[in-house]
Amino acid sequence: MAASLTAPMALADWTRQWLNGLPVADGPLAAVQQRGREALAELPVPSSRQEDWRFTDLGLLAGLDATLACSPSDAGLPPAAPGVLRLVLDGRSDPLAGVVLPAGLAPLSDSELAQALGHTLAATACEHHWPVELNHAAAQQVLALRVASRSCLTLELVSMQAAGLLPLRVLLVLEEKAELELCQFAGAGGAGLTSLVLEAHLGRGARLTHGVVALGRNDAALLAHLAIEQEPESSATLATVAAGWGLARFEPRIRQVDGSASTTLRGLQVVDHRQVADTHSHISFSGPEGQLDQLHKAVAAGQGRSVFNGAVRVPREAQRTNAAQLSRTLLLSDRARIDTKPELEIVADDVKCAHGATVSCLQTDELFYLQSRGIAADQASALLKRAFCEEVLRDLPGAARQWCRFEHLLASV
Amino acid sequence: MIRPDAPVLLEIKDLHARVEDKAILKGVNLTVRAGEIHAVMGRNGSGKSTLSKVLAGHPAYTVTAGVVTYRGQDLLALDPELRARIGVFLGFQYPVEIPGVSNLEFLRVATNARRAEQGAEELDTFAFEDLVRERLKVVQMDPAFLDRSVNEGFSGGEKKRNEILQMALLEPLVAILDETDSGLDIDALRIVAGGVNQLANADNATVLITHYQRLLDAITPDYVHVMAAGRILRTGGKELALDLEERGYDWVDQELAAQAPVPLEVA
Amino acid sequence: MSTAQAVGDLVSQPYKYGFVTDIETEKIAKGLSEDVVRLISSKKQEPPFLLEFRLRAYRQWLQMQEPDWATLGYPPIDYQDIIYYAAPKQQDKKTSLDEVDPKLLETFDKLGIPLSEQKRLSNVAVDAVFDSVSIATTYKEKLAEHGVIFCSISEAVKEYPPLIERYLGTVVPITDNYFAALNSAVFSDGSFVFIPKGVDCPMELSTYFRINSGDTGQFERTLIVAEEGASVSYLEGCTAPMFDTNQLHAAVVELVALDDASIKYSTVQNWYAGDENGVGGIYNFVTKRGQCRGDRSKISWTQVETGSAITWKYPSCVLQGAESVGEFYSVALTNHRQQADTGTKMIHVGPRTRSTIVSKGISAGRSANSYRGLVQMGPKAVGAKNYSQCDSMLIGDQAAANTYPYIRSQQPQAAVEHEASTCRISEDQLFYLQSRGIGFEEAVSMMVSGFCRDVFNQLPMEFAAEADKLLALKLEGSVG
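So the protein lines, in turn, are chains L, B and G.
The first sequence maps to residues 1 to 413 in our numbering.
The second sequence maps to residues 414 to 680 in our numbering.
The third sequence maps to residues 681 to 1160 in our numbering.
Everything labelled a hint here was simulated from the structure, so no lab data went into it.
A virtual CB, placed ideally from N, CA and C, is assigned to each residue, including glycine.
Don't take each hint at face value.
[Said to hold, decoys possible] To give a feel for the contact side, a few chain G residues facing chain L, derived at Cβ under 10 Å: (1) Asn-1066; (2) Ser-1089; (3) Ser-1101; (4) Ser-1106.
[Claimed, not checked] Partial list, computed: chain B residues near chain G (C-beta under 10 Å): (5) Ala-497; (6) Pro-508; (7) Glu-510; (8) Leu-520; (9) Val-522; (10) Ala-526; (11) Ala-529.
Hey, can you work out the whole structure from these sequences and the hints?
Set out below in structure tokens:
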């Protein structure tokens, strides 16, 4: 706890230093950068006194190089499947330079970009969050794509952060009945921070399946805001897997603008050593007959700390919403800590909202059962841990599933 | 049993009803006298379940035309609970689960509400337990079901038996049993049908709403009505049901097609 | 009329205990200062240690900030506009009931708590608190035969100072929170219960709180100690007149259970809740905490909350002793513009400690009903277990049901399980009951009590019926 008192000051210093070191605002996002820098200079840095940051210490950032990173690497992933477009995001160059886009996929024009950029962040009430302003201040490029109506595409995004800050900004517009499978890999090759802000707008009947595999290291941090706006009859599946980061925070922010959409959220975070992983999800239903199916899982070992905060807002106009949230945590060490807080706010009488949470270690009777069939204790516990994670991993789309080797995730746990 | 001089219990005249904006009943006529057993058959969507719900007063259904009299009284003017108290009983196709409300308590309150209407004295918990234990035999039900919440976690057969138990306690004059045989295995069907047969007498009447002949093998109807497109298309004796079993419902379509189109309802 | 509307109307019955007793009252001037704290202490002829306790608390309170994190909205409270001591004029506490002002006896009669020997409840001992003081305690002698002490806390301060000094403020320290500090500085009266080693208290104990004055704050303080192997069941009831101003009620309840002791604390709370526009009503900011100090000890909270304009209350258990058990069973009904933010904290410290939480919230009208709970598994809570269940019933589409169940764990060999659901009274369920001859009101009432059954089952026999009646009262009346 003592650390969290000094951290905000160190972090404020770091932020100031970092802001001063940024190049002059430039490029297509110059205006956004300028606004972000002004906002960041004013915003108090996150501290444990703010409810949203109560358990998540950003102290790690203060030790990072206050520079922008450039890291053109495909992270050593196996090549993309034939016909699948893979874009490498290095934070500096235009990811579409020299790329031939498949039919149905087109970059947004400047005027479309001006109109759409930031719209979903505002709609999901996170445009002034500290990590978002940090991204605003730094991001020089935005990958802005439109998926044409009724087309069906697969896309891969890969980033590999080096020392310093890697700002990634993505904007996706899915037209009516468009379908996109998006596999994203975020790796860490140095003591740095990946700042990801993704906005997706799903038109009527559109379908997005987004899998994020984020594998980090002890001296690296990831701050990700994933904001999705859904028109009726659209379907969004977002599966995030994070392991190995000194600090990782995911904020999925979903808004069903007129209800009648379906949202599936899957999250898995693994912490060990002194790592911190935090998921703050926020779903709001602004119309009737919306659906949510959320499963969040965490494995905490070593002196790791896992935080989950799941807000579900069902206002009066969201009658006949059907929302289910389940949070399950596996606590594997007596020096690890978990904090879980579902938040259900309901003002509609004809709704089904259920949530549940469990925290436990591996079940001794399950272990015993496996052992009684001749399986060694460590093997049995590995099997059970794998089964625990598998429930989330199996919902990762195509290639992302391959990137996410189980052995990788639980290497040390 | 058919006795032409038996008093009329239920008289339905030109009944029209809709749910939301959809007209479902389009002129049903039916007369039920004491001592009779009627079977109303028809395909899914023919309107037979709607007929049962309208008679019991389900709030989702709106009567747009027609008259229903029960022992000379305007049935449609009464709230659902009053219909039950004066002796009209609906056996639900899907009995509703009510978590937290004890089955025994529910049965006792319902029975006493019916008794109060008949001018009988209220039964205290002990007297009621005696009565309910006796009536449990009608449907061969385990007393353990009394301690559970109303229908909660009951199997399909248990729910239907619970319905007949309620009928045994409330002693209605007109019992409308909506698809009582659906979801029952042979043994459960035999028990439920046995219960209905035990409860039928010369003073009351039963209206069975069903798809299949198999219930009618166990309970012999005096009249069989075939419903289609919201009306009773044909009425006959028990042999009509056997005929249906053999020939299916296809002839109903032909007969409907042959008729002049049903005039549109004016709501 | 729609079902939802009709159900909503049903829960909007007038408050029955809104009368004011016309009695001469001694009040001190409005406002709070160190002098007021000293004045309260001197009026109660307290020993120096207690004055010291109060002054420490007052000084702490001055340094503290009113909490604002609960999901509540209310105008700022002017702490200088409250009277901190009011008592019906009678010289000392009477030794015999015959000497108590008949008007007071009549008041409690009207509230259904007869105190006189002929009419008093058999098998329930009652401490009746009127505004700031306890006016009578029944069955004291009979309890004394068993070594049980049941009296007002003021009396206990005089008669058993070592016990008070030993236990007061040890479960809820004066610095615990803003309202607890305020209470520690100005608490007026309340009950003290002491069950000696090995004694199973022979009857139910009950305290009945009545706020009568319109501008008085009520700050009662309750302390219950159960020594090794002792057990007791205690019930608290409360009502207040209808005023169009808000009255502050900031109580502190401390429970201590030693080895193998068990305390069951039940509350049927029916303060005045304000009118349908949210004018008037009690602000109920209460700190209730029990400490299972001993091994295998048990503390069980049961509450039925129907009143108050604002409720802020988290009866908690600190489970220190090995294998100690904490329970929380709660029904909270809110209507009109009532706001309730209630729940519990189960702090598992010792090994193999167990806790159960069952919370049932019913929200109607434009009210807001929040469950806020914390289950914490500390590093030494090996083999500890918690199970929580939070269900909300919504009546009408303008009421809010919020659920915030925190879970913190630092112990892999501890298991926490939480489940929550929302429901409403469905049209199909209502129709099913109605089609069996059960009237609309009774059907609604059956379903609401069915929803609450798990909690009502926990109330002592004598009060289960009372709680059911209370809910039924809120639910009865004509359906328009």
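Could you check the structure against the hints above and give me the numbers of any it violates, in ascending order?
none
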